[in-house]
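Going down the list, the protein sequences come from chains A and B.
Quick note: the first sequence uses numbering that gives the first Met the number 0, first residue 0, plus one each step.
Quick note: the second sequence uses numbering that gives the first Met the number 0, first residue 0, plus one each step.
Misleading hints may appear alongside valid ones.
[Stated by the list, open to error] If you want the footprint, here are the derived chain B segments under chain A, 3+ residues with CB under 8 Å:
id, stretch
1, 71-80
2, 98-108
[Unchecked claim] Residues of chain A placed beyond 12 Å of chain B at every Cβ, according to the derived structure:
id, residue
3, R87
4, K203
5, W265
6, V277
Simulated from the structure, these hints should not be mistaken for lab results.
For glycine and all other residues, C-beta sits at the position ideal for the given N, C-alpha and C.
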Amino acid sequence: MGISIAFRRAFSDLRQHFATQIMTTMVVTLSILILAFFALLYFNLQHLVERFGSELGLVVFMDENTPEERIPELYQKLAGLAGVEKARYISSEEAFARLQTYLHDEKEVLEGVSPRLLPPSFEIQINRAVFQLDRIRELADRLIKWPEVSKVQYGQEWIDRFEVFSKLLRDVVAVSGILLLCTSAFVVANTIKLTVYARQEELKIMRLVGATNTFIQGPFLIQAVIQGLIGSCLAIAVVFVCFEYMKDLVAVSELLRGVEVFFLPWPFVSSVIGSSVVLCFSGTALAMRRFLRL
Amino acid sequence: MEPPIIRMEGVSKRFPPDNQAFSDVNLEIEKGEFVFLTGPSGSGKSTLLRLMFCAQRPSSGNIWIEGVDLSTLTNSQVPYLRRKIGVIFQDFKLLPNHTVFDNVVLSLEVIGLKREQADRRVKQVLAGVGLGEKTRRYPPQLSGGEQQRVAIARAVVNRPPIILADEPTGNLDRERTDEVMVLMEELNARGATIIFATHNDRLYSNTHRRVIKLSKGKLEF
Ligand SMILES: Nc1ncnc2c1ncn2[C@@H]1O[C@H](COP(=O)(O)OP(=O)(O)OP(=O)(O)O)[C@@H](O)[C@H]1O
Ligand SMILES: [Mg+2]
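Taking the hints into account, I'd like the entire structure generated from these sequences.
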């Protein structure tokens with residue numbers, strides 16, 4: 000029956016109790032703002048890790064005794080692996096030449112040393128699209144089992160350390176997110192409780208003339224949804240504006256040259272907005288429960 | 000003969016820990032009756048009325064309204080009972096920050112009446128109680144008598160078969176009181192069953208109406 004009546008009542012309530020409504024919405028906005036900033040930081044660090052991690056690539060050292068004629072076959076095998084973007088063969092001679100360039104003034108130390116001393120190797124570049132930290136490790140573990148491979152090198156330590164950091168940050172984001180959402184649900188529920196408390200007389204009168212609980216609750220729930228929606232969208236908008244501003248700063252910064260920054264992924268944004276709406280809705284329903292007895 | 004519209008059998012109300020408002024009340028009210036309910040202050044008149052619209056439940060005994068045993072009603076069914084009963088109070092119980100019109104239309108909104116139909120009916124009822132010109136005012140801008148007429152309009156606009164009035168004239172002077180009485184007589188003439196609680200014996204001393212009296216925790220006829 001009363002969807003249109005519920006909406007009409009909700010909007011006239013909104014007008015009549017504007018200040019309280021704004022206050023509730025601001026609480027939602029602030030909590031989500033903090034959460035969104037943490038998340039933005041996390042997602043960008045994550046991007047950074049993956050980007051540098053993928054630039055590191057892998058070096059696969061061959062056994063010294065691997066016969067020269069097996070190289071093309073191994074090359075094919077490596078290049079065909081999932082996640083491998085490019086593979087380049089570095090022969091013992093080339094490695095030796097590199098070492099010489101590297102040492103340039105002191106290359107005498109290499110005199111009399113056979114170029115064969117250095118093992119041949121492959122340099123592997125990772126496909127960024129499929130890159131994940133776990134995948135690099137997996138690939139390395141797989142390669143080391145090949146009989147021709149003596150050693151696989153990648154930025155293990157660097158990646159591991161960064162991974163720990165990024166996992167920590169993720170936990171911080173998750174925990175603070177949950178805490179903030181709970182706090183805002185709590186504060187919103189309390190604000191609503193105050194609003195409802197202030198209007199107890201009105202609710203009593205509504206019940207007196209035969210209003211069902213749905214009729215009484217409807218407008219409050221509609222307001223809660225609007226608050227959750229506006230509050231979270233406002234927070235995301237603020238983060239977006241700040242993000243655009245910081246992006247420009249990063250773009251002109253010498254130190255951060257080449258660093259790309261990303262906005263929060265849309266699935267994350269929509270789930271934040273969704274949970275905000277759900278929390279405001281259930282906070283209101285909960286706050287009203289005790290006022291709906293006879 | 001039709002069954003009584005309101006029936007009470009052995010109804011008692013006790014407020015914990017040891018306040019017995021009344022006990023063993025037996026009462027039958029026929030459809031279309033106009034009954035005065037009297038008794039000294041604190042004798043339980045308001046409480047008796049509150050039991051009838053389920054604002055409180057009896058400690059023991061049974062109440063039937065239009066043949067429905069109230070003890071079988073769940074909380075979610077109570078609103079539907081309330082729509083059959085218009086209630087009027089001494090202190091009006093209007094919403095001060097809603098207009099006269101909005102106060103009255105509330106009774107029709109809760110039953111989901113269409114807007115135009117509700118508009119028409121509210122205006123008609125407000126004109127009937129002499130407030131046709133003041134629908135846009137707020138209750139604090141009205142006199143006590145006018146406010147009580149708004150409350151009456153709200154109680155009757157959805158055409159309930161039963162009207163419970165709890166000292167509706169308690170705050171009004173003689174003339175306003177008589178205006179309210181005329182309105183109540185009109186409603187009764189149109190078929191509403193009315194229970195009218197009052198201290199004011201002037202209202203019922205010269206009437207042919209039934210007068211029931213609560214005193215010392217019992218109902219006297
Ligand atoms: N909610 C309550 N809790 C405890 N006692 C109550 C409650 N409501 C009423 N009472 C008691 O029940 C008795 C009857 O009260 P009630 O208000 O029904 O009397 P009344 O006849 O309407 O009085 P008045 O003429 O002054 O309005 C009183 O003793 C009152 O103190
Ligand atoms: Mg009373």
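Comparing the hints with the structure gives:
Restraint check on the stretch 71-80 of chain B versus chain A: 6 residues with Cβ-Cβ distances below 8 Å, three needed, restraint holds. Restraint check on the stretch 98-108 of chain B versus chain A: 3 residues with Cβ-Cβ distances below 8 Å, three needed, restraint holds. The beta carbon of R87 (chain A) sits about 75 Å from the closest Cβ of chain B, which is more than 12 Å, so the claim that it is off the interface holds. Distance check for K203 (chain A) against chain B: the nearest CB is about 8 Å away, which does not clear 12 Å, and the non-interface claim fails.
Even its closest Cβ contact with chain B, about 40 Å, leaves W265 (chain A) beyond 12 Å, as expected for a residue assigned away from the interface. Its beta-carbon lying about 25 Å from the closest one in chain B, V277 (chain A) satisfies the requirement of being farther than 12 Å from that chain.
In summary, the one numbered hint that this structure violates is 4.
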